[in-house]
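A.B. asks: Now for the letters of each chain:
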Amino acid sequence: MASFLERLTGKKTSSADQAKERLSLVLIHDRTDLSPENLQSLKDRLIEVISDYVKIDTRQTEIEIKTDGREQTLIANIPLIRPRSRG
Amino acid sequence: MSGKVVTITSGKGGVGKTTTTANLGVALASLGDKVVCIDSDIGLRNLDVVLGLENRIVYDLVDAVEGRCRVSQAMIRDKRIETLYLIPAAQTRDKNAVSPSDMIKLCNTLREEMDWILIDSPAGIERGFRNAIAPADEVLVVTNPEISAVRDADRIIGLVEAEERGPAKLVINRLKSSMVKRGDMLSAEDVVELLAIPLIGIVPEDENVIVSTNQGQPVALEAKSLAGRSFNNIAKRLKGEDVPWLDLNEKDGIFNRLGRIISGGG
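Sequence lines, in order, name chains A and B.
The numbering used here puts the first residue of the first sequence at 480, with every later residue one more than the last.
The numbering used here puts the first residue of the second sequence at 96, with every later residue one more than the last.
Everything labelled a hint here was simulated from the structure, so no lab data went into it.
Heads up, a few of these hints could be off.
As the list claims (entries may be wrong) - Below are the DSS-like pairs computed for lysine-lysine, each with C-alpha atoms no more than 27 Å apart in a straight line:
(1) A/Lys-545 to B/Lys-264
(2) A/Lys-491 to B/Lys-276
(3) B/Lys-200 to B/Lys-99
(4) B/Lys-200 to B/Lys-129
(5) A/Lys-491 to B/Lys-129
In this text the structure is predicted, and so the values were computed from the model without any measurement.
Excised from the complex, chain A in its bound form (with noise of 0.2 Å):
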């Protein structure tokens, strides 16, 4: 299975760095309770309640869970549009 480092490096990951890949994700899943299809559900829920009231874009849109120590953040990182200017 090609981990997401793989796809990144382009290099074959040793064993223990897919490991670690994979428990970085599964805790933060277990430590808030969310699971990946809820937290997908909440990022598009977001970006659809952002979108009624400012333009955003949509492909450089990030948002996600941050870990520091023992501690989830959820990070988003949403350029807004700037509107064409009327004339």
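Guided by the hints, dock chain B onto chain A, whose structure is given.
C.D. replies: Here is chain B on its own, set in the frame of chain A:
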């Protein structure tokens, strides 16, 4: 005297909780401290055989808690180190015979006589685990450098935090440095980074542990084995000493050195 209660737990079974409890008991008692090890795994008694005291059991934890004997009668004194005691688990009793408040009461009695009360927790997150951590001043979480053990350790660390018994300290058991070197086992650094709690010990995979357990002689009694030395170092760290980390490669050190000379490396 006011002894310290240290609970050894893990989440997953089979990672070395009982071995760790027995060896820390031996190591602390060898340093002259008065130590009692409590097996709180009711129905699955094992600390007695690992300590080699299985033939001397008269009373057990449930007898002491239910007042069928005095606490001192349930304490089996070790043959080798006279400051080491064991309170064995009941083997045939109902698992719910002991409650968290029973454990707190028992430990408060033991604190007056002992320097250390080490509690061997059952695997899992049920009643037995709650009993084991209720009286704890400090919690050690034992894990192996392996996916399922680390994941379960993370759950347990969260529960220990929620019970305000944290932060737990980490013991990484059965590390194979040769596998780590070739990238086929999580390193101690990886595990510490994932679990994000302080590390108190790394114990290498060591056949001496199985041999000594066969004989009922905890490996910490042998100053020469690498695992025994690792457990003795954890005991010193529990006592607040700043002990340098062992070089876990030293067993094959001479071959490595030879290899480096032959290949012309440093």
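A.B. asks: Quickly compare the C-alpha distance for A/Lys-545 and B/Lys-264 to 27 Å and report which way the hint goes.
C.D. replies: Holds: A/Lys-545 and B/Lys-264 sit about 23 Å apart, inside 27 Å.
A.B. asks: Take the C-alpha atoms of B/Lys-200 and B/Lys-129, compute the straight-line distance between them, and say whether it is at most 27 Å.
C.D. replies: holds (19 Å)
A.B. asks: Between the alpha carbons of A/Lys-491 and B/Lys-129, is the straight-line distance 27 Å or under?
C.D. replies: violated (53 Å)
A.B. asks: Against the 27 Å threshold, does the CA-CA distance of B/Lys-200 and B/Lys-99 hold or violate the hint?
C.D. replies: Holds: B/Lys-200 and B/Lys-99 sit about 14 Å apart, inside 27 Å.
A.B. asks: Is A/Lys-491 close enough to B/Lys-276, meaning Cα to Cα at most 27 Å?
C.D. replies: holds (16 Å)
The structure shown violates just one earlier hint, number 5.
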